[in-house]
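Enquirer: Got two chains here, each in a separate frame; can you build the complex from them with the hints?
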Amino acid sequence: MNRPMLLTGGRVVDPSQGLDGPADVLIRDESIAAVGNDLSAPEGAEVVDASGMVVAPGLIDVHVHLREPGGEHKETIHTGSHAALAGGFTTVWAMPNTDPPIDDPAAVGYVRLAARAARGTRVMPIGAASIGQRGERMTEIGELVKAGAVAVSDDGAPVWDTGLMRRLLEYTQTFGIPVLQHAEDTALAGGVMNEGVVATALGLRGLPNAAETCMVARDVQLAELTGGHLHVCHVSARQSVEQLRLAKEKGLAVTSEVTPHHLILTDEICRGYNTEAKVNPPLRTEEDVEAVTQALIDGLIDIIASDHAPHTYEEKEQEFDYAPFGINGLETALGLSMRALVVTGRISVSRLIERMSCDPARIMGLEGGTLRTGSPADIVVFDPDERWTVDPTDFRSRSRNTPIAGWELVGRVHRTLVSGEIRFTRE
Amino acid sequence: MSQPRPEFELGKDLVGLEGLSGETITGILDTAEPFKEISERAIKKVPVLRGKTIVNLFYEPSTRTRISFEFAEKRLGADTVNISSVGSSVVKGETLVDTARNLEAMRIDMVVIRHPSSGAARFLADRIPSNVINGGDGQHEHPTQGLLDMLTLRDRLGRIEGLKVCIVGDIVHSRVARSNIFGLQALGAEVAVCGPRSLIPYGIEQLGVQTFYHIEDAIQWADALNILRLQLERMETGFIPSLREYNRVFGVTRARLEKAPRDTVVLHPGPMNRGVEIDSAVADGPQSVILPQVTNGVAVRMAVLYLLAGGVPGGAEAAKQESA
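Protein chains in written order, with our numbering: chain A, 1 to 427; chain B, 428 to 751.
Keep in mind that the hints were calculated from the coordinates and are not lab data.
Backbone N, C-alpha and C define an ideal beta-carbon position, used for all residues, glycine too.
Worth double-checking, as some hints may not be accurate.
[To be verified] Selected chain A positions facing chain B (Cβ under 7 angstroms, derived; list incomplete): (1) E195; (2) G196; (3) V197; (4) T200; (5) L204; (6) F320; (7) D321; (8) I347.
Okay, chain B solo, but in the shape it has when bound (with noise of 0.2 angstroms):
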């Protein structure tokens, strides 16, 4: 049996990538590669959370997340039960609190919430004692999204430090660029935003990080782009005048991507809006890492289970066999 690193450090929970060591991020990626391959199998079952119970709580619509904690949570064999605001108590005004007590008394393991409000996985992690893992709350952090972003980058470029990483579009609103911005620094990366300045947080820089306000420079700095997705939203509240315009000036493109220095390396966490953030040509073209995100989503969710339910790093692989 391998024993756990000394510097690895996940406690109950994952609310957010702030504050985690670089040794803990790296165990978890390094424990979501055995179960890569998982998902690869005709049979894609690995029994270690059988009998555990997880609730995905959902607060907001999701697909992409909410289906791939699904198969990560089924793919390890646990019992899931899905909710959803609409249908549930929570439309009766039920406070957050007691709809997580409640499920408490049903005896459950873990809970996987999205919810639009920041802060809100912190909230409940503090309330409950089974483990809260953060799918996306408000505008503070996604941390799934930000170690498959991690995972993914790892893959193609065979290391996370060193490298330059810009993230582009829609800052102020993003908990998937917050992710990205703790994630990637404390494991050694250079972290950059681009954007229009309506759209980047005040203080930002204080956290270490670039800022560039021409799409063009920040493709000659980065050697990856992480491009979010400009919700329709910010043109009606005043943020930016047209999603044309901002094509116009921000658009990641072919013609503006064949400038850059390298290989550019293209993530976006989905949903795209072709045309406005990201041209097809880009998205669908040899330096997108896209899908292979999506794949990855599921083995960095089964590890961050498999570890919150009291696997070590490293025990991946042997408990693997073991199912095998």
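The following block holds chain A by itself, in its conformation from the complex (with noise of 0.2 angstroms):
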């Protein structure tokens, strides 16, 4: 039994209870025991104080590449699970496409074991949509999720194949898990960065706004039709977002995520042949960055995720159309969204808590994303107001892939904690 933990004279956000103000906070055999004013410690506890900062519930990304297995030389679910942790995460999502891709209950197994040897964040598996994450088969989701699968993506590759996704949409209906889908129209697919005038100028192949939008359009259908949940990963077009608004609008079970490159970068800063600006979907224009802002503040958009992307130095030192698509997001997601949205006035750090830890939960359907009493004790502390430059050869990924390289973020994690274990404190 651990002992007691007292968290003194921080912030306490908590958007699940329309906390946000001055509280301790009370741990008890891995729960949250209390929330209040001037609680005492308990004979023998630990006392942490966290005057500075907000204490709230841990973040939550949906999204994340930890790589392993096949992927090891980029990153690998311990190196991952504790980039997660300095990132202010408690639970992750970890993307089903490895190398052997996570398409059978002994691989889904495999990740549960190795995140939890590597004592980092919880790390949940997503399990492939089909077989070989190739688009033709549906994978055993019965028995995926037998073995700890929380939902089922091709991430990586959109399910094409508009039989195979209404078949996913409603066969997962019985496990009650989402149907996370990379929305992207192969037919229309085929470049490199956004197509507009910066692509045209590079010379580089573009992707249109419409490769994403015609498939979530197409999803939103197939969502109607079946009842299944879809969850529409980072979105980033803004005629995406009125298919959004549609599904909204008719009340179907269609969630959707951005990633915090996608608030704040353009394709402007592909400019240079910057690979480090390569992902997909790609970053686009002012409009679209406008668009799918609004739309995370509005819910059109539920929440945040950081589309974890590592990749080595190697990979990313390649001409342009040669380097892989993605960017190392954990260690600046909550950074970049301050600074993209809290300092910018756009939303408060209570409605930001919310879209990084309270609606994940939610619409996921998981434990954590409050701080009420007798929930698990993930919880982040972290300092709202701190400047900090992003230096990546401090990152705890084993990759620094990142196009915000000395970029100032605000807002810095000091603490983590997993289950009332302080997991992650900042030196």
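Expert: Okay, here's the thing in structure tokens:
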């Protein structure tokens, strides 16, 4: 049995209970025992001073790539789950596009075992939607769920076959899990950056907004047909927001996420053939950034997810065409979101915590995302005013690929607790 | 000795014409003028690059550009080495940056690179101290082609400023188009493009370029047409239904050109598909400057090599006299 712990003097922000103000948090037996003012430390309790800090439910990221098995040169479950802690995340969902993909129960079990050994953040495996992620035959979804999978996805590639997508949205309903879709019409794909004047000037092949929106529109129709839970990954195009509005208006079980980078960066950052900014869906235009930002504020887009996609220096240090897509996001997600949304006055810290913790828990039906008495003591402690400069050499992630090296971000994680245990402390 | 013009500013490399000032481009074209004459001599040598080592690094097949560069280098007295992707360590999986560093370790002075990937020239230029000249990178730029097109236009029409130039054909995939757009605009020309919508890139109007979807309209508008090669591959990948139809709808034919309100100058960067984007009667006709383009290509490349090696605009004539 662990010692009780008292976090004192912090600003407790827990939108799930409407809390935002000075309070102490008492943790006992891995759970939240009490939240209130002037709590006294029980006999033998560890007292942690959180003054000047926000104390909030741990962040939840439903879209990360931990690369293991098969991509251990980029990231491992160990390094990725510690990068998550440093970013304030207490739960991450690991995408199954590894090598081999997570398409059978043994592979799901492997991810869980490796995660437990890592003693980092909570890692929940997403199972592949189709065998080998080939987009042909459904995986044994019931078996995957039994082994611990929390969702299915072919992320990295879209489920392009409309019939298969229909069956997935139907079949998953028995198990109450969502289908996570990387929305991209493959017939319109083949580009390497956003289609538009920047791609035209650089002579790079473009990915139009319509490549994403066509797929979102199709999938929304299938969600209506089937009643299944569709979760649209990393929304980037303003026209996709219109489809999500339609889905919300009809009350469909459609949810979606946006990445921090799509909330602030545009395709202009690709100039000079900056491969760190090569990501799919691509960084788009100011108009798109504004549209997805407003959609997140309005709740048409439900949550923020990082799409943490580590790649090595050698892989990114190539001609733009050959470099892989992806941005390393776990350790910058909070600071970049704060800079994009809170510093600019678009939303409050409380609303940001909602979008990064409470809402992911709510839409995915997870424990956590709350400091309610009896909940697991998954907590992030961060300084909401601290300005810091992104230095990728400090990353816990095995990779350092980020287009925002040298940027000043606002809001820095100082402690991350999983089940009442301090698993990350910033030195 | 003449001094460099204060506005003339060419950096270490020539990666593209985007961002170069009109003064800089004019400086390059002016420098090319005295070099034209050298190629007409019996002994075609001005040893201003004597002792310099230049590598022609070609990751894509090229005849015209590679030979043109090689003539330019040799006529300036440089030592040259040609590397093509076939038969080199490139096929063994060596990365571009490693190839470059190895060349660097052999103490070279300049690299001319041709590469199928947009941005490859810039990639190389940012990583090695040698001068890098872009001999065509993917669908990005082909700056010496743009320069020789402009030199040829200036020879024929006496100026660039105020000219209306329409680039015709596969704009999406064309590095020649981009270099022409950036270069011609810097010199004060109006630029348009013409072709099927499927071969015109999105956002091009934001570059200040007018668009025509009918070749007849382009011919009415333009002082000069720069007709691009249409690759067979574009039909196979579904951008257009057939080369035959392309010729019917967009081909520059004698009959179409006769309706022009003026003597339209016709350029083509080669190699031509006769009977597809251009008819022989036009290619070989009096309005064609296709062969002068090739001649000017050598002079322009001599000018670029000379300037990047530290020569000054206006200094070429003196250098030539000294060696004569």
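Enquirer: Name the hints, by number, that the structure is in violation of.
Expert: 8
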